[in-house]
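Enquirer: Sequence:
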Amino acid sequence: MLDDVTHPSVLTSASVLRWSGREARALREARRMSVREFAAHLGVSDRVVSKWEAGGPSIRPRPFNQAALDTSLARSSADVKARFAAIAQTQEARATPAGGPHSCPSGARHLVRHPLDGKAMTLVDAGAYEAGRDGETRWLPGFYVDVYPTTNADYSRFLESTGRRPPIHWLDGRCPPNKQDHPVVNVSHLDAEAYARWAAKALPSREQWEKAARGASGQIFPWGNTAAPGRCNSRESRLGATTPVSWYDEGVSPYGVYDMCGNVWEWCASHTDAGRRVLKGGAFTVSLTRAAPWAFHDASVEMYGVDIGFRCVAPVTDLLALLSI
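Offset between the sequence shown (1-based) and this note's numbering: plus 74.
No lab work stands behind these hints: they were computed from the structure.
Computed cross-link-like contacts, SDA-like style, restricted to lysine to any residue with a CA-CA straight-line distance of at most 25 Å:
(1) Lys253 with Glu103
(2) Lys253 with Ile242
(3) Lys253 with Glu310
(4) Lys253 with Ser361
Restraint ranges, calculated between C-beta atoms of paired labels, are given here:
(5) Val90 with Arg207: 53 to 63 Å
(6) Asp199 with Thr363: 25 to 35 Å
(7) Gly247 with Trp213: 37 to 47 Å
(8) Ala369 with Thr211: 14 to 24 Å
(9) Glu281 with Ser108: 34 to 44 Å
All C-beta atoms, glycine included, are put in the ideal place defined by N, C-alpha and C.
Build the full structure now, drawing on both the sequences and the hints.
Expert: See below:
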């Protein structure tokens with residue numbers, strides 16, 4: 075670890091006053107290391123590095139890790155330092171724009187950014203809601219839900235950190251070009267659970283998913299009570315493929331959650347039978363009527379498909395505890 079000392083004459087003056095997750099990622103990329111390699115180089119866990127990078131400028135490594143990053147940069151070659159300076163400058167300039175896959179919708183309230191996977195989450199308040207086709211009154215404790223489905227970019231960071239097998243359609247283990255902000259697909263329930271564990275989250279129960287999609291009043295669709303195919307990516311759209319997760323601004327739920335109808339089916343934690351779990355929300359492959367949030371489908375935990383993805387939830391107390399670390 076930290077043993078690649080270069081001759082003092084080739085060191086440049088690159089330095090960091092105070093490290094954040096953004097500069098840590100810039101240094102890793104400048105050294106052309108994977109998350110695992112960089113973690114071993116610094117003497118920390120790959121989970122720590124993933125947390126830094128997910129938090130970006132809002133994450134400040136602890137003092138002893140700040141010192142390790144200082145040492146790593148100081149011992150880097152001139153080429154690495156030059157790359158670091160260029161990457162850090164570029165990262166700062168290209169902060170995620172409004173409407174991007176991890177931005178927070180302007181109309182939503184109680185938004186936080188999860189400190190481990192970096193995804194925007196919104197609060198679904200504790201209380202009663204109208205559930206099912208007949209509007210049965212039920213009650214749920216509060217929870218946070220991902221504003222967007224898990225994207226290919228999100229899943230790529232998980233794979234890099236864990237070494238888990240990528241989806242079968244990714245060539246050479248890489249996400250298809252121009253699909254970074256599309257929902258990840260060809261993931262089984264087992265894959266989705268593994269991601270949730272890695273991110274210290276959970277898959278939603280069918281009840282949590284439905285409340286996040288319909289709101290407390292139990293409206294038929296996320297946007298209201300009228301079928302509107304133009305507000306989601308269902309079979310009526312005739313696109314025949316996934317779309318970026320932030321496309322359908324007019325289709326968000328009362329909590330500001332995107333893609334709760336159409337685009338991809340989403341795995342839930344709830345059982346229907348041994349070895350089978352609930353799928354919610356429909357997909358680009360099915361009609362809007364099948365995508366209504368009160369409806370559901372189910373499948374074996376080992377099944378995957380081009381129209382199956384997921385998003386996660388987190389209990390309020392668990393997430394607030396993570397944010398306070």
